[in-house]
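Chains as they are written, first to last, in my numbering: chain A, 16 to 344; chain B, 16 to 344.
These are computed hints drawn from the structure, not numbers from a lab.
Do not rely on the hints blindly, as some may be mistaken.
Said to hold, decoys possible - Keeping only pairs whose Cα atoms sit at most 35 Å apart, straight-line, the calculated DSBU-like set for lysine-lysine is:
hint, chain 1, residue 1, chain 2, residue 2
1, A, 188, A, 31
2, B, 300, B, 195
3, A, 226, B, 266
4, A, 37, B, 226
5, B, 326, B, 128
6, A, 247, B, 128
7, A, 156, B, 199
8, B, 310, A, 156
9, A, 37, B, 220
10, B, 226, A, 156
11, B, 156, A, 37
12, A, 300, B, 300
13, B, 247, A, 37
14, B, 323, A, 37
15, B, 299, B, 323
16, B, 37, A, 226
17, A, 220, B, 156
18, B, 37, A, 323
19, A, 37, B, 299
20, A, 31, B, 299
21, B, 226, A, 31
22, A, 247, B, 226
23, B, 266, B, 156
24, A, 226, A, 188
25, B, 278, B, 37
26, B, 37, A, 128
27, B, 247, A, 31
28, A, 37, B, 300
29, A, 37, A, 128
30, B, 156, A, 31
31, A, 226, A, 300
32, B, 37, A, 220
33, A, 37, B, 37
34, B, 156, A, 128
35, B, 323, A, 156
36, A, 310, A, 188
37, A, 226, B, 326
What the hints assert, rightly or not - Derived CB-CB ranges, DEER-like:
hint, chain 1, residue 1, chain 2, residue 2, range
38, A, 295, B, 155, 31 to 41 Å
39, B, 164, A, 157, 30 to 40 Å
40, A, 111, B, 304, 50 to 60 Å
Source: prediction; values computed, not measured.
Just so it is clear, CB atoms sit at the ideal spot from N, CA and C, and this is done for glycine as well.
Letter by letter, the chains look like this.
Protein chains: 2
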Amino acid sequence: MAKESDFIRLAQSFFKQHNRIKLGPGDDAAIISEVSTNDLVVSVDALIENVHFEPHWLEYEDMGYRALAASLSDLAAMGARPLTFFVNLELPTDIEIDEVREIMQGMSALGEKFCISPAGGNFTASDRIGIVTTVVGEVPKDGYIARCCAEEGDIIAITGEVGIVESAIRLFKVYNLASKIDHKLRSTAIMKFRRPMPRFEIIEKVRRVVKPRASIDISDGLSSDLFKLAEKADLEAVIYEELMPMPEVVKAVANEVGVDPWKIALSSGEEFELILVMPPEDFKKLQSEGIELIKIGEFRPTFRPTVKFVKTNGREIDYIKGFEHFSYL
Amino acid sequence: MAKESDFIRLAQSFFKQHNRIKLGPGDDAAIISEVSTNDLVVSVDALIENVHFEPHWLEYEDMGYRALAASLSDLAAMGARPLTFFVNLELPTDIEIDEVREIMQGMSALGEKFCISPAGGNFTASDRIGIVTTVVGEVPKDGYIARCCAEEGDIIAITGEVGIVESAIRLFKVYNLASKIDHKLRSTAIMKFRRPMPRFEIIEKVRRVVKPRASIDISDGLSSDLFKLAEKADLEAVIYEELMPMPEVVKAVANEVGVDPWKIALSSGEEFELILVMPPEDFKKLQSEGIELIKIGEFRPTFRPTVKFVKTNGREIDYIKGFEHFSYL
């Protein structure tokens, strides 16, 4: 069995010099130089076997990739740029060092896209794999985008289609479903589950033109996360069926399992697309710059914060529940 | 069963306004203002049920306290002052919200001593309690004390007695042992296990007078952690039986279980005392200021880094193995 010192060496081997990190893995703590023109942005997230995924859903590399992606997505939602990350790995005692290397390799593959690497970490024994990542990033001073601050009349936009991750999970879970869904649709969905991309690229483009009033990443489900924005602003979020994208794979999976495809699209968690909120004039500016956001609705005054889904036939449905993390799969 | 939103509210209720934290729990990430005269110090640590402790060893409050203490101890070792912390709680689905409150209460009790509170966190379902804490602190720019940099002739000093935590663990594990050890000794040992104090106070006093050349907190065991300093410096660490403190409880436990008390003292992990290394003239300065460190040895030139324990009878023993985290209890 591999020893802790092996794992520390492994973490060090994935660390790459970064001009803001003065001291990386291998000491009691990491040292990052501060810059008074910036604010620091920190978030923590976890990816736990048998809670967030079942073993056969992900390769070791995917586990590392996905764990880091989930944390980074929170930084993207704040409009931040990542600096480094820290990882606490809980590992079964019979895991091979090569398997741990694959987990780290997955993190590294994603980290390299943003020029970041692990500045520290910790390993503990466990009966299953658990990856807790703490990401550290930056925004220009007071330049962060929070969940608060949506206003009446603001546009609700998303950075991409939703529902695909929930479709992938149903593909994993429902016996024989995979064989009924077109191969290409299937593999696109599974790749989105295994290798989600934190949306730094689009938020950076947006930030060069306007500053959204509110932002959140879709981790619990569109309706559930949109509800958080509505609550903070004390407004009603209204989204429209006719504006919402409906991915082919969501339609196909919903059809096979016999549920409303909108139920999948609106509650699918861990999508890591962003919900961005801004005044209509700002949205127009982005359109004229060719920055592709999908407008799905707007905020309206209300007596009680809620999320309304307006069907093409005019019916209005209240959606306030999404994916609940705090339950077993 | 408590829901995730309950836990988030709980985390928020323990957050206290701090002038460096612009945005605390309840958004995608926390925002901390930066100061260009400082360096940021970050460390991650974990406390996992059935790995680091068995359920009956700790009350819920102790779990929170001890998890945070372990992370903070790493900041103390760097000579840093804490700013805030982040917590990932893995919780059994049948845990009561009041029990989670007790865990947070334990963290809060310790955090308040240093005017810090949680700026963010995350909850996930699990089959046992796991607490991963990420601590964020600061040192004046380039003022951190690393593990490297011990020099030939430097004094090795510790901030307090060692061996007590291992004694407490043996009291928990060995049936009937408790009844044979004096009640007062027993409760002192168990309190040190349950409520260890990160050594910020003494390191701050030291820093006002001198800057140690190297530092580490004793988390794997004195011999094992001292070996890390020896390796970094390519020197031999020599410590002397006649200089080492030998706590009464270690003697008593060692006697009852029939092992060499030095074996307990030198390998006892999670002690959270600091090893500080400095030139003899700096050590004298501290003595003349009345700052109480225990001198236990010095660094000598060597062909191969090692730790030597010199017995009062002149025998020299090589100790390089301490508590291995990466094994079940």
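Verification of the hints:
no.	hint	in the structure
1	188/A / 31/A	violated (38 Å)
2	300/B / 195/B	violated (43 Å)
3	226/A / 266/B	violated (65 Å)
4	37/A / 226/B	holds (18 Å)
5	326/B / 128/B	violated (39 Å)
6	247/A / 128/B	holds (32 Å)
7	156/A / 199/B	violated (53 Å)
8	310/B / 156/A	violated (46 Å)
9	37/A / 220/B	holds (25 Å)
10	226/B / 156/A	holds (32 Å)
11	156/B / 37/A	holds (10 Å)
12	300/A / 300/B	violated (66 Å)
13	247/B / 37/A	holds (17 Å)
14	323/B / 37/A	holds (32 Å)
15	299/B / 323/B	holds (24 Å)
16	37/B / 226/A	holds (18 Å)
17	220/A / 156/B	holds (33 Å)
18	37/B / 323/A	holds (32 Å)
19	37/A / 299/B	holds (31 Å)
20	31/A / 299/B	violated (40 Å)
21	226/B / 31/A	holds (28 Å)
22	247/A / 226/B	violated (48 Å)
23	266/B / 156/B	violated (43 Å)
24	226/A / 188/A	violated (40 Å)
25	278/B / 37/B	violated (48 Å)
26	37/B / 128/A	holds (29 Å)
27	247/B / 31/A	holds (20 Å)
28	37/A / 300/B	holds (29 Å)
29	37/A / 128/A	holds (21 Å)
30	156/B / 31/A	holds (22 Å)
31	226/A / 300/A	holds (11 Å)
32	37/B / 220/A	holds (25 Å)
33	37/A / 37/B	holds (25 Å)
34	156/B / 128/A	holds (29 Å)
35	323/B / 156/A	violated (51 Å)
36	310/A / 188/A	holds (32 Å)
37	226/A / 326/B	violated (68 Å)
38	295/A / 155/B: 31 to 41 Å	violated (48 Å)
39	164/B / 157/A: 30 to 40 Å	holds (38 Å)
40	111/A / 304/B: 50 to 60 Å	holds (52 Å)
Checked against the numbered hints given earlier, this structure breaks hints 1, 2, 3, 5, 7, 8, 12, 20, 22, 23, 24, 25, 35, 37 and 38; the rest are met.
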